[in-house]
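Trainee: In case you want the letters, here they are:
2 protein chains.
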Amino acid sequence: MHVLITGAAGFLGQRLAAQLVARQQLNGQPIQRLTLVDQVAPALPDATTDIQFVTEARDITAEHAWDTLLDERPDVIYHLAAVVSSAAEADLELGMAVNFDATRALLDGCRKRGLSSTRLVMASSVAVYGGELPEVLDDTTALMPQSSYGTQKAMCELLISDYSRRGLIDGRVLRLPTIVIRPGRPNAAASSFASSILREPLNDEDAICPVPTELELYVMSPGQVIESLVHGAEVEAERMGDNRAFMLPGVTVRVAEMLEVLCRYAGDAGLARVRHEPDARVTAIVASWPGRFRTTRAERLGFVADSDFNAIVEAFIDEK
Amino acid sequence: MHVLITGAAGFLGQRLAAQLVARQQLNGQPIQRLTLVDQVAPALPDATTDIQFVTEARDITAEHAWDTLLDERPDVIYHLAAVVSSAAEADLELGMAVNFDATRALLDGCRKRGLSSTRLVMASSVAVYGGELPEVLDDTTALMPQSSYGTQKAMCELLISDYSRRGLIDGRVLRLPTIVIRPGRPNAAASSFASSILREPLNDEDAICPVPTELELYVMSPGQVIESLVHGAEVEAERMGDNRAFMLPGVTVRVAEMLEVLCRYAGDAGLARVRHEPDARVTAIVASWPGRFRTTRAERLGFVADSDFNAIVEAFIDEK
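Protein sequence lines, in the order shown, are assigned to chains A and B.
So for the first sequence, this note's numbering puts the first residue at 827; every next one is plus one.
So for the second sequence, this note's numbering puts the first residue at 827; every next one is plus one.
Any given hint could turn out to be false.
The list cannot tell twin chains apart, which means a pair is met if one copy fits it or any two copies do.
What the hints assert, rightly or not - As a list, the in silico EDC-like pairs of lysine to aspartate or glutamate whose alpha-carbon atoms are at most 16 Å apart:
1. K938 with E919
2. K938 with D893
3. K1146 with D1030
4. K938 with E1062
5. K1146 with E1086
Simulated from the structure, these hints should not be mistaken for lab results.
Based on the sequences and whatever the hints tell you, model everything.
Mentor: Have a look at this one:
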């Protein structure tokens, strides 16, 4: 079993690699080789193992970027490399090149090599949704992305479904909820506050909440995302159906509830570290993301949500 | 006002050109120039007019194919050129090149020339729908195309919405119902019977009905499609919203009702010309197309359906 991970220097890529090494196997097969690719050479998991590692810096937008990687006929490809939302919005050509063209080149590389049973697991995003939406979204809700990032992800979803329907690849696209609690520092993402308002007080630091507390988010813990990525490579092809993209089951939580749970673990002193400074720009972006889903398809395929928001915070505290 | 039509040698392109010449104006502006482009040089409308015509054979997949066309800064572009469903299914690369890459090159050509107010009207298709669908589809129903043609059209829809949202172009994508009654001869399209079972008996010829009579279709007359294309260039940009693609209002009709209307105009002798020869392959394809829509967005924008199926048949008879 040979597994290739793109975007492997990122937060999810590193964590997925560590999890695969800890498991030693995927889909019942021992992992013999793990290839980690990113713009900068990804760090190797810190573990004693028989798995053969390859770590490589590669620009996936370059011509023939996939050739040598696909010549080795990986059994599973985790395609996590992406230009994130704000960067794709700032630079249309860069976003198209990385988020769409590189994915298409990957698909065509698989097609030309007959990698029809290679399982391609791609991360998509709640950003594919937008516009006028029903109260509760489900598997038949239209994608009306309100960003170039969401547009590029939605186009990849369509292409992966079509290539899978044609039997050219065995694709699976998981739309990720907002990931809470991300480790590390706040970043420029509009959703950054969702981790900050918990992580910082739990680390005895101050945080800013830029949104109204009645705002609803649809969230998943980092650990559950990794479990879902692993499961995404293990679902039998015949159970997938023709549409290969679907929303993962998340937890719907109001910001007020998040702060209640924070108070449970960090006390009033922790809660007092969250300063409320409404930011209309951030609120507009985050409020456009739907907060309620019926994820029937994902659940039928065996994907599961975190049990509740309490468990998400406990997992973060346990990992500290 | 300078109007460019691609796919202008086709049935719709020719009819649209004739209609524009008859109107002499579009969106209140006199048409000064009409550029007709197709793989083979399109025929010119047969009319005395002051409009300046350019007719040209051009491969829109060639590098720089759009350059000289866009250098003239057309005010309205009707992008009707496409590889049809069966051909796109047979040849993935051809379909991607014509249906997707050429459209993307058109969009990028507009972007690079700052044609932000050029109205791009593109024809899409009911083939963008498929998979597990609700009984009645609406503007929030997911696109789950079950063909490469539908996939390529859906990707163009997303891209045109994104380029419009960014203010790079003023796009409008009209998803066409099944067009009934097409003039001419039966063709290889799975939907060909829908015209045949009326056109042939009305022309004193035999026809074959390959589907069960309880099958429902969602249809529009050629004349109404042309009216919709004209209207598509006339809707004010500020009314369009961010999602630029929507289903046009059609008429839901069972095959049995179509045959009833046929009987009204062609009598029992006409009806007897329709031989029922069930074809599982054709039925599977056509039955996967949804037959019922709530087209709220299109109606709000002023698009209208044929009044009923009777009117569709009458229009055909009048035009004969």
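Trainee: Could you place K1146 and E1086 in one of the four classes (within, between, both, neither) given a Cα distance threshold of 16 Å?
Mentor: neither (20 Å within a copy, 73 Å between copies)
Trainee: How do K1146 and D1030 come out at 16 Å by Cα distance, when the copy is not named: within, between, both, or neither?
Mentor: Within one copy only: 13 Å inside a chain, 82 Å across chains, cut-off 16 Å.
Trainee: Can you give me the call for K938 and D893, within, between, both or neither, at a CA distance of at most 16 Å?
Mentor: within (10 Å within a copy, 31 Å between copies)
Trainee: Within a copy, between copies, both or neither: where do K938 and E919 come within 16 Å Cα-Cα?
Mentor: between (26 Å within a copy, 12 Å between copies)
Trainee: Between K938 and E1062, at a C-alpha cutoff of 16 Å, which is it: within one copy, between copies, both, or neither?
Mentor: Neither: 23 Å inside a copy, 45 Å across copies.
The earlier numbered hints that this structure contradicts are 4 and 5.
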